[in-house]
Amino acid sequence: MKFRSLAIAGLLAVLASVAAPLLAEGDPAAGKNKTSMCAGCHGIPGFRAAYPETYHVPKLGGQNPGYIVAALKAYKAGERSHPTMKAIASSLSEQDMADLAAYYADAGRK
Amino acid sequence: MNKLLIAVIVGAGFAVAGGAVAADAAAGKEKSQTCAACHGPDGNTPMTPEFPKLAGQPADYLEKALRDYKKGARKNPMMMPMAQGLSKQDIKDLAAYYSSLKGDLKVKY
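Chains as they are written, first to last, in the numbering used here: chain F, 4 to 113; chain R, 535 to 643.
Hints in this document: simulated from the structure, not taken from any laboratory.
Some hints here could point you the wrong way.
[To be verified] Think about it this way: if two alpha-carbon atoms lie no more than 25 angstroms apart in a straight line, the pair counts; the simulated DSS-like pairs of lysine-lysine are:
#1 Lys79/F <-> Lys563/R
#2 Lys609/R <-> Lys76/F
#3 Lys609/R <-> Lys622/R
#4 Lys636/R <-> Lys563/R
#5 Lys76/F <-> Lys604/R
#6 Lys563/R <-> Lys604/R
#7 Lys89/F <-> Lys636/R
Because the structure is a prediction, the values reported are computed rather than measured.
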């Protein structure tokens, strides 16, 4: 009986560890360490993307975290066509995306 | 007489050209009812975490987003049909309106 509940607990722990990356809880501190590729454009006030069209890049600070993840996934999947963003998003794991989203979303609360 | 005629024609030409490119934030506000249902009445309180805040985003970025949705370069089942119904003028006006609003968005290093 005791063994059985232990086995169930163990099984649940394994399931939780498998499920966790799917849910990808974002860590803002980890996200901060992953922004080096973002900051060259998104970290400069008034910065304009020059290719393939010229326009101001969007502000990320304070943005909804779910939207940032959705945008990065869309770039990675080719549903959004910006070449630079597609290349960058393609290099990110789901955890990276969640961490970055948590970092940028945090700005709105400060 | 001829000079007056030319002045009127040139003036009318400017008026037409001006109307085609100038963004009108007040007109954009009038057109933003549909947007507000999901992005929030202030453009800063979206209904779900998956929807973006728009308030304070650069106008030219918002225009590009709407143009890309309209022509299918940005694929999103919710936004593509919304953008289909917008004229170039609508897009300019909406972008000017949302860009003029103050919200949480900021440049963060």
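Outcome of the hint check:
no. : hint                  : in the structure
1   : Lys79/F <-> Lys563/R  : 33 angstroms, violated
2   : Lys609/R <-> Lys76/F  : 12 angstroms, holds
3   : Lys609/R <-> Lys622/R : 19 angstroms, holds
4   : Lys636/R <-> Lys563/R : 14 angstroms, holds
5   : Lys76/F <-> Lys604/R  : 20 angstroms, holds
6   : Lys563/R <-> Lys604/R : 20 angstroms, holds
7   : Lys89/F <-> Lys636/R  : 29 angstroms, violated
The earlier numbered hints that this structure contradicts are 1 and 7.
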